[in-house]
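Quick mapping for you: the protein sequence lines, in order, are chains A and B. Our numbering numbers the first residue of the first sequence as 28 and each following residue consecutively. Our numbering numbers the first residue of the second sequence as 79 and each following residue consecutively.
Please note that a few of the clues may not be correct.
Ranges between beta-carbon positions, derived for each pair [stated by the list, open to error]:
#1 B:205 / A:318: 51 to 57 Å
#2 A:338 / B:363: 22 to 28 Å
#3 A:276 / B:177: 24 to 30 Å
#4 B:366 / A:93: 37 to 43 Å
#5 B:178 / A:446: 53 to 59 Å
#6 B:128 / A:317: 28 to 34 Å
#7 A:207 / B:302: 26 to 32 Å
#8 B:363 / A:272: 39 to 45 Å
#9 B:209 / A:83: 43 to 49 Å
Selected chain B positions facing chain A (Cβ under 7 Å, derived; list incomplete) [to be verified]:
#10 129
#11 260
#12 357
#13 391
Anything over 12 Å on all C-beta distances counts as not near chain A; from chain B, calculated [stated by the list, open to error]:
#14 106
#15 150
#16 205
#17 206
#18 237
#19 238
#20 242
#21 274
#22 291
#23 307
#24 317
#25 335
#26 342
#27 358
#28 395
No lab work stands behind these hints, which were simulated from the structure alone. Cβ coordinates follow ideal geometry from the N, Cα and C atoms, glycine included.
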Amino acid sequence: MTTQSLAALSDPLGPDQRTLLRLATAGSVDDGKSTLIGRLLFDSKQTFIDQMEAIERTSRTRGEDDVNLAYLTDGLRSEREQGITIDVAYRYFSTPRRKFILADTPGHVQYTRNMVTGASTADAALLLVDARRGVLEQTRRHAYLSNLLGIRHFVLCVNKMDLVGWDQTVFEQIAEELTRFASRMGVTDVRAIPISAKFGDWVVEPSARMSWYPGPPLLEQLETLEASEPPQHHAARFPVQYVIRPLREAYHDYRGYAGTMASGVLRVGDRVRVMPSGAETTVASIEAFDQQLVEASPPMAVTVRLADQLDVRRGSMIVSAEHPPTAATSIDTHICWMSERVPLRARDRLVIKHTTQTTRAMVAEVSARLDVNTLDYDLTASQLSLNEIGRVRLRLMAPLSVDPYDESRETGAFILVDEATSATVGAGMISSGE
Amino acid sequence: MFVMIDPGAIPENPGDEMTTTATRPASLDTLSWLEAEGIHIIREVAAEFERPCLLFSGGKDSIVMLRLAEKAFWPARIPFPVMHVDTGHNFPEAIEFRDRRAAELEIALLVASVQDSIDQGRVVEEVGPRASRNRLQTVTLLDAIAEHNFDALFGGARRDEEKARAKERIFSFRDAFGQWDPSNQRPELWNLYNGRLTRGEHIRAFPLSNWTELDVWQYIKREELEIPSIYFAHERSMFERDGMLFPTSEFVPRLPHEIPFDARVRFRTVGDMTCTAGVLSEAETLEAVVAEIAATRITERGETRADDRFSEAAMEDRKREGYF
Chain A
28 MTTQSLAALS
38 DPLGPDQRTL
48 LRLATAGSVD
58 DGKSTLIGRL
68 LFDSKQTFID
78 QMEAIERTSR
88 TRGEDDVNLA
98 YLTDGLRSER
108 EQGITIDVAY
118 RYFSTPRRKF
128 ILADTPGHVQ
138 YTRNMVTGAS
148 TADAALLLVD
158 ARRGVLEQTR
168 RHAYLSNLLG
178 IRHFVLCVNK
188 MDLVGWDQTV
198 FEQIAEELTR
208 FASRMGVTDV
218 RAIPISAKFG
228 DWVVEPSARM
238 SWYPGPPLLE
248 QLETLEASEP
258 PQHHAARFPV
268 QYVIRPLREA
278 YHDYRGYAGT
288 MASGVLRVGD
298 RVRVMPSGAE
308 TTVASIEAFD
318 QQLVEASPPM
328 AVTVRLADQL
338 DVRRGSMIVS
348 AEHPPTAATS
358 IDTHICWMSE
368 RVPLRARDRL
378 VIKHTTQTTR
388 AMVAEVSARL
398 DVNTLDYDLT
408 ASQLSLNEIG
418 RVRLRLMAPL
428 SVDPYDESRE
438 TGAFILVDEA
448 TSATVGAGMI
458 SSGE
Chain B
79 MFVMIDPGAI
89 PENPGDEMTT
99 TATRPASLDT
109 LSWLEAEGIH
119 IIREVAAEFE
129 RPCLLFSGGK
139 DSIVMLRLAE
149 KAFWPARIPF
159 PVMHVDTGHN
169 FPEAIEFRDR
179 RAAELEIALL
189 VASVQDSIDQ
199 GRVVEEVGPR
209 ASRNRLQTVT
219 LLDAIAEHNF
229 DALFGGARRD
239 EEKARAKERI
249 FSFRDAFGQW
259 DPSNQRPELW
269 NLYNGRLTRG
279 EHIRAFPLSN
289 WTELDVWQYI
299 KREELEIPSI
309 YFAHERSMFE
319 RDGMLFPTSE
329 FVPRLPHEIP
339 FDARVRFRTV
349 GDMTCTAGVL
359 SEAETLEAVV
369 AEIAATRITE
379 RGETRADDRF
389 SEAAMEDRKR
399 EGYF
């Protein structure tokens with residue numbers, strides 16, 4: 028038994044040192060994602076009495092034989108009516124070893140953008156495959172997107188093992204195929220587990236019906252997964268969000284730059300450069316409310332004061348003087364296109380938001396489109412449609428201080444906004460800039 | 079609470095060795111991580127919108143949210159007003175606390191009154207023993223947003239509270255009618271929030287999206303925040319309805335069999351007195367309340383909110399109309 032309810036939390040009053048693991052589900056529709064999460068919450072005793080009563084009521088009204096655990100996560104009326112997940116649902120649970128935020132994402136291809144929403148903040152992907160159907164195009168698409176978004180840890184659940192007679196060979200074939208696919212993308216941490224979300228085998232408890240699998244069960248895997256971030260940039264990056272000028276007598280000349288550390292470590296006394304102007308100064312102080320800090324690192328929200336009066340505003344970035352980012356007016360990127368209205372084509376103009384800076388971008392070239400089945404790039408492509416991924420070069424109206432996404436999620440990511448509709452239509456990851 | 083990193087870990091050439099050492103930025107404890115995220119969201123809204131406003135009821139979630147706002151702009155004052163949609167049926171203890179806290183922080187407090195909306199004929203009051211002004215608040219809220227031209231409202235809603243809220247974005251778009259369209263939400267990537275609007279539209283921003291009820295209580299304890307007295311066990315005249323204990327008040331007519339009795343209770347949520355139930359409790363201190371919350375087997379809305387019991391989609395329906 029690896030789990031207990033929160034009631035058993037040794038000391039809820041003492042300092043809680045448990046860290047957080049952010050997970051996102053991935054996989055095709057009908058692979059049983061919502062049922063698995065329901066099972067995970069139910070078996071780890073994280074469901075509340077009134078929640079269980081509500082889903083029992085719903086299952087009964089809808090004429091289902093058993094209590095449908097998927098109703099624990101499907102929240103919207105239209106989702107219940109259609110029996111599918113349309114948008115990400117966030118679930119919170121904890122064990123004595125760790126706290127979890129789980130993004131339950133939709134499997135339908137037309138809701139890929141909602142899957143990307145859930146995966147963009149995740150440390151690990153919980154990838155589901157239906158044992159009867161094996162690895163599908165949508166499985167590969169989600170695995171690829173998870174990797175593209177910087178997730179380096181995959182937990183593969185081969186679900187519905189009850190429907191293939193608990194067959195070890197079926198499991199091993201799927202595990203091998205997906206592991207091979209992942210390794211081609213450079214993902215080496217793939218943990219495969221045979222499960223039945225419906226009956227609970229190997230989710231929280233061991234399964235006698237699949238004793239050929241050595242364990243541990245899924246929840247224990249999640250508790251012990253070493254979620255090192257994607258390789259981090261070590262150079263300091265501090266995008267300025269907001270300039271603090273108190274305009275009160277006691278703080279007459281106070282001028283602080285508020286923001287969230289994006290990468291590296293910033294220390295008092297460090298030599299820094301202010302992007303994009305390039306002016307240099309030193310860090311005079313780092314403050315968090317009424318505390319004076321010696322240093323700050325991600326993801327701390329702090330206020331930085333500089334030794335010299337420089338032109339610093341929202342959108343400026345305070346960076347290591349020794350290792351500054353590139354001030355780029357042209358960037359090579361991977362883009363996941365999310366507009367239903369129009370495809371992405373050369374010469375399109377869009378609003379781009381990168382860290383705390385917003386400017387305009389023009390599409391210089393759509394150079395390739397990914398085939399998610401083969402992982403090959405189609406070099407003859409000239410546009411991206413809804414849910415397609417491609418290589419795109421953008422020209423920027425104002426320079427952005429960029430790093431490759433592989434090295435720094437925070438300073439390598441951007442979104443594209445359609446000026447006509449104000450909708451978010453693109454998720455972008457920078458590979459290089461100049 | 080801060081991670082010490084070996085200064086030697088900074089490579090000579092940023093192009094080299096980037097992949098070798100993985101510093102673990104997320105090793106902040108959970109509360110510090112949640113606090114940092116909340117402050118980031120609040121600053122982002124303050125920077126990108128012209129007329130934000132923070133919804134403050136004197137309840138525990140909005141107390142935490144206000145604390146994050148205080149920290150986000152220190153030593154400056156909070157650069158936006160706070161607003162309370164007052165049904166006129168609130169707990170006096172919460173109203174007293176609301177006024178005092180706003181005065182301490184030297185910030186403007188706006189009160190949008192449901193009674194005014196009734197007097198002006200904007201809404202019609204429900205009648206009968208189960209009448210509540212809870213749903214009427216939506217009209218008062220949307221009228222106040224229009225009157226003050228607010229383009230962003232901070233709400234203290236958490237995703238762990240309720241299944242429709244579990245689906246909501248941190249920047250949640252509202253159309254010119256104040257409505258939420260849950261099947262067509264904007265994708266929300268990383269911490270890059272899209273706040274672009276056209277006139278008449280607004281966003282609701284939820285800095286506590288990723289907090290659980292226990293996180294809120296642990297944070298109140300860690301920060302030693304003052305909260306209204308009704309959160310602690312006290313003697314009160316109560317009556318039973320639908321298996322829940324409601325406070326007796328002039329606002330709720332009782333049915334003949336609903337006999338009031340004195341009980342030792344506290345409130346897990348603070349809302350309108352007509353639809354907020356109390357729980358039997360002996361928890362007189364913050365420590366005791368946190369211990370109780372950590373051990374509970376019933377959700378806070380399930381235990382104490384009559385308004386969510388109408389249907390399985392009660393909250394979704396109210397949110398679509400423009401509710402908090």
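Each hint tested on the structure:
1. B:205 / A:318: 51 to 57 Å: Since the Cβ atoms of residue 205 (chain B) and residue 318 (chain A) sit about 54 Å apart, the hinted range of 51 to 57 Å holds.
2. A:338 / B:363: 22 to 28 Å: Violated: the Cβ-Cβ distance is about 51 Å, outside 22 to 28 Å.
3. A:276 / B:177: 24 to 30 Å: holds (25 Å)
4. B:366 / A:93: 37 to 43 Å: holds (39 Å)
5. B:178 / A:446: 53 to 59 Å: violated (45 Å)
6. B:128 / A:317: 28 to 34 Å: holds (29 Å)
7. A:207 / B:302: 26 to 32 Å: Given range 26 to 32 Å: violated, Cβ gap about 55 Å.
8. B:363 / A:272: 39 to 45 Å: holds (40 Å)
9. B:209 / A:83: 43 to 49 Å: Between residue 209 (chain B) and residue 83 (chain A), where Cβ atoms are some 30 Å apart, the hint is violated.
10. 129: Since the shortest Cβ distance to chain A is 16 Å, the answer is violated.
11. 260: holds (5 Å)
12. 357: Check failed: Cβ of residue 357 (chain B) comes no nearer than 13 Å to chain A, outside 7 Å.
13. 391: holds (5 Å)
14. 106: About 7 Å separates residue 106 (chain B) from the closest Cβ of chain A, which leaves it inside 12 Å; violated.
15. 150: At roughly 7 Å from the nearest Cβ of chain A, residue 150 (chain B) sits no farther out than 12 Å, so the non-interface label is violated.
16. 205: Non-interface label stands for residue 205 (chain B): nearest chain A Cβ at 28 Å, farther than 12 Å.
17. 206: holds (25 Å)
18. 237: At roughly 5 Å from the nearest Cβ of chain A, residue 237 (chain B) sits no farther out than 12 Å, so the non-interface label is violated.
19. 238: Label violated. Min Cβ-Cβ 5 Å, cutoff 12 Å.
20. 242: At about 5 Å from chain A, residue 242 (chain B) fails to clear the 12 Å cut-off, so the statement is violated.
21. 274: Non-interface label on residue 274 (chain B) violated, nearest chain A Cβ at 4 Å vs cutoff 12 Å.
22. 291: violated (9 Å)
23. 307: Fine: 21 Å to the nearest Cβ keeps residue 307 (chain B) off the interface.
24. 317: holds (21 Å)
25. 335: holds (24 Å)
26. 342: Holds, since 22 Å exceeds 12 Å.
27. 358: Holds, since 16 Å exceeds 12 Å.
28. 395: Incorrect as stated: the minimum Cβ-Cβ distance to chain A is 8 Å, not above 12 Å.
In summary, the numbered hints that this structure violates are 2, 5, 7, 9, 10, 12, 14, 15, 18, 19, 20, 21, 22 and 28.
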